[in-house]
Amino acid sequence: MLKNPEAKIVGREAWGDYVLLRFEAPTISALARPGQFLMVRVADGPYPLLRRPLGIHLRKDKALGVFFKIAGEGTALLARKRPGETLDVLGPLGNGFSVDPCLAGKAVFAVGGGRGIAPLYFLAWELRALGAAVKILYGGRTKDDVPLAARFRDEAFDQVLTTDDGSAGREGFVTAALEEEAGKAAPAMIFACGPDPMLEAVGRIAAARDIPAELSLESRMGCGFGACWGCVQRVRVDGKPAWVKICEDGPVFPAEAVVWDKDAR
Amino acid sequence: MLKNPEAKIVGREAWGDYVLLRFEAPTISALARPGQFLMVRVADGPYPLLRRPLGIHLRKDKALGVFFKIAGEGTALLARKRPGETLDVLGPLGNGFSVDPCLAGKAVFAVGGGRGIAPLYFLAWELRALGAAVKILYGGRTKDDVPLAARFRDEAFDQVLTTDDGSAGREGFVTAALEEEAGKAAPAMIFACGPDPMLEAVGRIAAARDIPAELSLESRMGCGFGACWGCVQRVRVDGKPAWVKICEDGPVFPAEAVVWDKDAR
Amino acid sequence: MTDLSVDLGFLRLKNPVLAASGTFGYGLEFEPFLELERLGGFVVKGLYYGPREGNPPPRLVETPSGLINAIGLQGIGVAAFAEKILPRLRSLKTAVIVNVCGASEEEYVRVVEFLDGCEGIAAYELNISCPNVQKDGACPAFSPEATAAIVREVKRAGRRPVITKLSPNVTSVVEIALAAQEAGTDAVALVNTFLAMAIDVETRRPKLGNVLGGLSGPAIRPIAVRMVWQVASRLKVPVIGVGGIRTGTDALEFLIAGARAVQVGTANLVDPDACLRVLAGLEDYCRRHGIGRLEEIVGTVKT
Amino acid sequence: MTDLSVDLGFLRLKNPVLAASGTFGYGLEFEPFLELERLGGFVVKGLYYGPREGNPPPRLVETPSGLINAIGLQGIGVAAFAEKILPRLRSLKTAVIVNVCGASEEEYVRVVEFLDGCEGIAAYELNISCPNVQKDGACPAFSPEATAAIVREVKRAGRRPVITKLSPNVTSVVEIALAAQEAGTDAVALVNTFLAMAIDVETRRPKLGNVLGGLSGPAIRPIAVRMVWQVASRLKVPVIGVGGIRTGTDALEFLIAGARAVQVGTANLVDPDACLRVLAGLEDYCRRHGIGRLEEIVGTVKT
Ligand SMILES: Cc1cc2nc3c(=O)[nH]c(=O)nc-3n(C[C@H](O)[C@H](O)[C@H](O)COP(=O)(O)OP(=O)(O)OC[C@H]3O[C@@H](n4cnc5c(N)ncnc54)[C@H](O)[C@@H]3O)c2cc1C
Ligand SMILES: Cc1cc2nc3c(=O)[nH]c(=O)nc-3n(C[C@H](O)[C@H](O)[C@H](O)COP(=O)(O)OP(=O)(O)OC[C@H]3O[C@@H](n4cnc5c(N)ncnc54)[C@H](O)[C@@H]3O)c2cc1C
Ligand SMILES: Cc1cc2nc3c(=O)[nH]c(=O)nc-3n(C[C@H](O)[C@H](O)[C@H](O)COP(=O)(O)O)c2cc1C
Ligand SMILES: Cc1cc2nc3c(=O)[nH]c(=O)nc-3n(C[C@H](O)[C@H](O)[C@H](O)COP(=O)(O)O)c2cc1C
Ligand code: FES
Ligand code: FES
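From first to last, the protein sequence lines stand for chains A, B, C and D. The opening residue of the first sequence carries number 3 in our numbering; numbering runs sequentially from there. The opening residue of the second sequence carries number 3 in our numbering; numbering runs sequentially from there. The opening residue of the third sequence carries number 985 in our numbering; numbering runs sequentially from there. The opening residue of the fourth sequence carries number 985 in our numbering; numbering runs sequentially from there.
The following block holds chain A by itself, in its conformation from the complex:
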């Protein structure tokens, strides 16, 4: 866990509201695992005050990449950054997905909704390197929300694409596609990242078929490294629901540990 206040930006791609920034951060890069995240400073001064959590989207040699959707002021400021400028990043943070060697040769699903696809690209490459057969299930609201679909296709990933309005891929939710694909041939493992309702549905589908699943949760973060207790969500610890820090004990949790029901909390 390191701070690199001056990671040099070496690449930028943008598709509408989605932006990919690549930057050199050799030490962080050496430690990074898929599912981990960075805390990124969006301005120098006191406003916006807090860093923004962003999943590690890719690692290539000594460079890392973040892929994000412009969601508000912080990400809008980040989107203005250009190659040659620097980025102040802290990381790698959190626990990451279980890239287990025993997945070699097995089929695994990576289910991403919207900007939730960000950490799954890094994950997919690591799983592929391990020898797993990765199927990407990538959903968005419209064709503008699945900007990475072409890349996954070009890089020969098996991909099921969905959009809510049918403007690209199959029409409907990505969870419907998951249900269908898992029905055809159950994977050894499901990894997912996306909005809460999607993750809840993924957990339900996985549980119904007894497929182990890992979900990457989101939460407002103060620090990202366990100091403020600001980022808690309801997660079962030894079977008992507790307010657990997403940044330290997550962001990735076994699907069955996450408590979705607000009343059962």
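These are calculated hints, taken from the structure and not from any lab test. In this text, a Cβ means the ideal position worked out from N, Cα and C, and glycines have one as well. A few of these clues could be false.
Simulated crosslink set (DSS-like; lysine-lysine; CA at most 27 Å straight-line) [to be verified]:
1. C:1119 with B:264
2. C:1286 with A:264
3. A:71 with A:10
4. C:1077 with B:5
5. A:10 with A:62
6. A:242 with D:1068
7. B:83 with A:71
8. B:242 with C:1068
9. D:998 with A:5
10. A:10 with B:83
11. A:186 with A:145
12. B:83 with B:64
13. B:62 with B:10
14. C:1286 with D:1119
15. A:5 with D:1077
16. B:71 with A:83
If you only want the chain D side, here are some residues facing chain A, beta carbon under 7 Å, derived [to be verified]:
17. 1009
18. 1013
19. 1038
20. 1041
21. 1042
22. 1043
23. 1044
24. 1046
25. 1049
26. 1055
27. 1058
28. 1201
29. 1202
30. 1253
Chains B, C and D with the ligands: place on chain A using the hints.
Just chains B, C and D with the ligands now, with coordinates in the frame of chain A:
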């Protein structure tokens, strides 16, 4: 007095800590007079909160220019602006220098210290257009603080250059040069802009020789258009010292009206 | 079309957006930038009975997302106001509210009695909460008794509705607001500025000529919203929310917290048409949410 | 080389930079980013006697140059702290201060009695000012009597020096500080957070699970500096300044206003090495101004 939230930046020059931005603001430009200023927004959000006052440095066709020294966070943000981006400006504000037709054919001095040279460039051109013989007295701490000296020279202005350390032009304060030049041949009028001690000395020199002088004052500004009463300085009104708004009743005042002595206030 | 009007009981505003005292001059300064009649109304700069010098400069310090001011209520006094300014405001179809100051109970009464003789004023806003006048920043709004006394005297002496402007520099703004209500105020406005200080570390001198000043701007908004929520849930008279409003969303926070109208302060200095931006934000919100009467959302926060 | 040490009377700090409670975890979380021994000391997260669940999320809202938190003092309790954390802090050559919480006078006393049995604690900081616990944000530090009572009991029961942490949500922080001094506190720390609220206007729900929370960060600094100045000029015991410090310059404002030490809070979350940046800023200032002993500048503001 107008607000142009999206004046298009069409040019940028920089010399170390000094920056010149040109932008298109046709309506403001049509109204502008030398010595007037603009209130310039340096960021979109709530920080830095206030606009920054900057003198009008030049007018060329429909474009205006500001020339500023990076003095803090606000001007540093402004310095990052590039052609193609926009500037949010309010103006023209304040009263301006007396560009009096009766100065035609007469000798006038424009005395600028450091960034105080900014409004004098616009003034010098307007005075020249009027037919006055303008002598620029331009002082700075070192040769790095007189970036416009070459321009005045290239544009054939009669110029006396001074630096405190002698690294360019004569060694010493610009007020020493004023004393000397005024001694040689007294001008019909002195216009000055710069730090307070310089302005005070200019006022003294002018008074001693009975030369009318106008000084452009600085002050922290809240609004720039007379609404907050935040920008006052001690100025004689009908002979009596009062807290007078720099933004509305100034920034230019007859030298004899300004009260420098803190005790006499 | 949404109905943006709000009813303060004693006054119906065409919309809930007022410009706050001291940040809108005498109104006229803003005519180059906006049509004053678009506003629900505006509160003119604080007036003492006589003209006032104000504090020595520097009078302003910028802080993170905030502004400290120590103007010290420099102003022209009621007579000059009535003679030079009011005639030009009178014809405007918008609520003109006068911010009334006083060094003593008697001075508040004198100001109100004088202004009662003039036409074209919709209400008085009692400024009992300015932190820039007494040496230690204290003001009548620190005490329920002092607050009640001024409100009572002004209500007795004057003929117009009274809005009492409260200080945030207190342990219980609810207690002070209740005292003002008890004493007969027609509404309360909160908040005035937070007592603050800044030091130039290079010279080790205060950055303000007056040493202390009042903090305003976006920095204080979350505290002001909290206070408005606390007061609105306990008071019968309407609450006017002030503090750090720049956008429609900011104003909506106050309205939803329980304010029946809002005032835009510091934002006017930065963008002289800030009130119009706030208004446009309110209109857009109502359209998006299918709200026919903006007043319906007042105090609807689901806690 | 400048002597940065400061003397609190009961404790000499190698430098005046402390990390503030609740923003520095139990200290260990920061070891990857800085050498803890470089700090003057740090205050660990607030501890109740037993473990505590804390408030439901969302617990954080960002505001202009500020942060509202409603963590609700989730924590592990004194027993787990003594067993799992303290042994790892004990060997550090820096002041470890424990932030003590309680739902009642008795609980403060129980916490202190328990901790008195452990080694490796330099002082207790009494958190009588957390706005996230009671429903309306009230806390003992609103009242001189409640403040004095807790200080007195803790001083009677415990063997270590006591720093009383005050709330800024009061009319006269000087009055409360004097009460704490009277009751025997060894120092006061101010300020804790400002009671605040934010509303999501789209859903009309509070943005915090707890409805109310505490505002911290650069936004509040000018108010905190003012309070420190007011208190320091009236108190005999040392004052520790807290509120919005990010840089050496920020810390210097507090020291020059009269604080003998400072605490860095929210800035730690943004930059885990923020305390070192503050320290470097102090060193640089002393060098530029030829100051041999930093302590000389305490309270030297020329008003
Ligand atoms: C561990 C983690 C990893 C993440 N990885 C990515 C990523 O790789 N790519 C990406 O695009 N986004 C990612 N996010 C989300 C991203 O952090 C937010 O979109 C970003 O912080 C918004 O900042 P902003 O200033 O642009 O928007 P703000 O103005 O702060 O907020 C805009 C909107 O987003 C909501 N919001 C803000 N922060 C969060 C949050 N942390 N969780 C949920 N809602 C929030 C706000 O309520 C508001 O409605 C991740 C979040 C977490 C916790
Ligand atoms: C009418 C007027 C016209 C001006 N024209 C020009 C110009 O053409 N070119 C130019 O370079 N500058 C000009 N200035 C000065 C310019 O406005 C300030 O340098 C600028 O506002 C500093 O902003 P900042 O955020 O960079 O610095 P800040 O961080 O705000 O301040 C940096 C330093 O400058 C001091 N300072 C800030 N504002 C002022 C002020 N208004 N007066 C005096 N000291 C101040 C601060 O105390 C601090 O020490 C003008 C000022 C006025 C009042
Ligand atoms: C420069 C300035 C002058 C002010 N003068 C007055 C005044 O004369 N009377 C008054 O009641 N409030 C005065 N205020 C307080 C504002 O009306 C308002 O209550 C406060 O600034 C908070 O709102 P804001 O954050 O939107 O500015 C003044 C504020 C500023 C910034
Ligand atoms: C996330 C968070 C948690 C906090 N927890 C505590 C606490 O446990 N005990 C306490 O006395 N103060 C607590 N505080 C208050 C800080 O210690 C400090 O007084 C306040 O934040 C002001 O300083 P700052 O602006 O530098 O953050 C907390 C503040 C924050 C932001
Ligand atoms: S974000 Fe601070 S503990 Fe998780
Ligand atoms: S800057 Fe507001 S009145 Fe001059």
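Consistency of the hints with the structure:
Straight-line distance between C-alpha atoms of residue 1119 of chain C and residue 264 of chain B comes to about 21 Å, which keeps the hinted pair within the 27 Å bound. Proposed proximity of residue 1286 of chain C and residue 264 of chain A is supported: the alpha carbons are some 17 Å apart, at most 27 Å. A distance of roughly 21 Å separates the Cα atoms of residue 71 of chain A and residue 10 of chain A; the hinted pair therefore holds under the 27 Å criterion. Only pairs whose Cα atoms come within 27 Å are accepted, and residue 1077 of chain C paired with residue 5 of chain B is accepted, the gap being roughly 24 Å.
Distance check on the hinted pair: residue 10 of chain A and residue 62 of chain A sit about 14 Å apart at the alpha-carbon level, within 27 Å; holds. In summary, the hint linking residue 242 of chain A to residue 1068 of chain D is supported, as the alpha carbons are separated by about 21 Å, within the 27 Å threshold. Restraint check for residue 83 of chain B and residue 71 of chain A: the C-alpha separation of about 24 Å stays at or below 27 Å, so the hint holds. For the proposed pair residue 242 of chain B and residue 1068 of chain C, the alpha carbon gap of about 21 Å is at most 27 Å, so the pair holds.
About 26 Å separates the Cα atoms of residue 998 of chain D and residue 5 of chain A, which keeps this hinted pair within 27 Å; it holds. Between residue 10 of chain A and residue 83 of chain B, the direct Cα distance comes to roughly 20 Å. Compliance with the 27 Å bound is thereby established for this hinted pair. This hinted pair checks out: residue 186 of chain A and residue 145 of chain A have alpha carbons roughly 26 Å apart, not beyond 27 Å. Under the criterion of a C-alpha separation no larger than 27 Å, the hint pairing residue 83 of chain B with residue 64 of chain B is consistent with the structure, at around 19 Å.
A threshold of 27 Å between alpha carbons decides the hint, and for residue 62 of chain B with residue 10 of chain B the separation of about 14 Å falls inside it, so the pair holds. In summary, the hint linking residue 1286 of chain C to residue 1119 of chain D is supported, as the alpha carbons are separated by about 15 Å, within the 27 Å threshold. With a CA separation close to 24 Å, the supplied pair residue 5 of chain A and residue 1077 of chain D stays within the 27 Å bound. With a CA separation close to 24 Å, the supplied pair residue 71 of chain B and residue 83 of chain A stays within the 27 Å bound.
For the restraint placing residue 1009 of chain D at the interface with chain A, the shortest Cβ-Cβ distance is roughly 4 Å, inside the 7 Å limit, so the hint holds. A cut of 7 Å between beta carbons decides the hint on residue 1013 of chain D: the least distance to chain A is about 4 Å, and the hint holds. For the restraint placing residue 1038 of chain D at the interface with chain A, the shortest Cβ-Cβ distance is roughly 6 Å, inside the 7 Å limit, so the hint holds. At a threshold of 7 Å, the smallest CB-CB gap from residue 1041 of chain D to chain A is about 6 Å, leaving the interface hint in force.
Interface hint status for residue 1042 of chain D: upheld, as the beta-carbon distance to the closest one in chain A is roughly 5 Å, under 7 Å. At about 5 Å, the closest approach between the beta carbon of residue 1043 of chain D and any beta carbon in chain A falls short of 7 Å, and the interface hint on this residue holds. Taking 7 Å as the C-beta cut-off, the interface hint given for residue 1044 of chain D holds, the closest approach to chain A being about 4 Å. Look at residue 1046 of chain D: its Cβ gets to within about 5 Å of chain A, closer than 7 Å, so that hint holds up.
For residue 1049 of chain D, the interface hint holds, since its Cβ comes within 7 Å of a Cβ in chain A; the closest pair sits about 4 Å apart. For residue 1055 of chain D, the interface hint holds, since its Cβ comes within 7 Å of a Cβ in chain A; the closest pair sits about 5 Å apart. Interface restraint check: residue 1058 of chain D against chain A, minimum CB-CB distance 5 Å, threshold 7 Å, status holds. The restraint placing residue 1201 of chain D at the interface with chain A holds, with a minimum CB-CB distance near 6 Å, inside the 7 Å limit.
Given the 7 Å rule on beta carbons, the hint for residue 1202 of chain D holds: about 4 Å separates it from the nearest Cβ of chain A. Taking 7 Å as the C-beta cut-off, the interface hint given for residue 1253 of chain D holds, the closest approach to chain A being about 4 Å.
Violation of the numbered hints given earlier is absent; every hint is satisfied by the structure.
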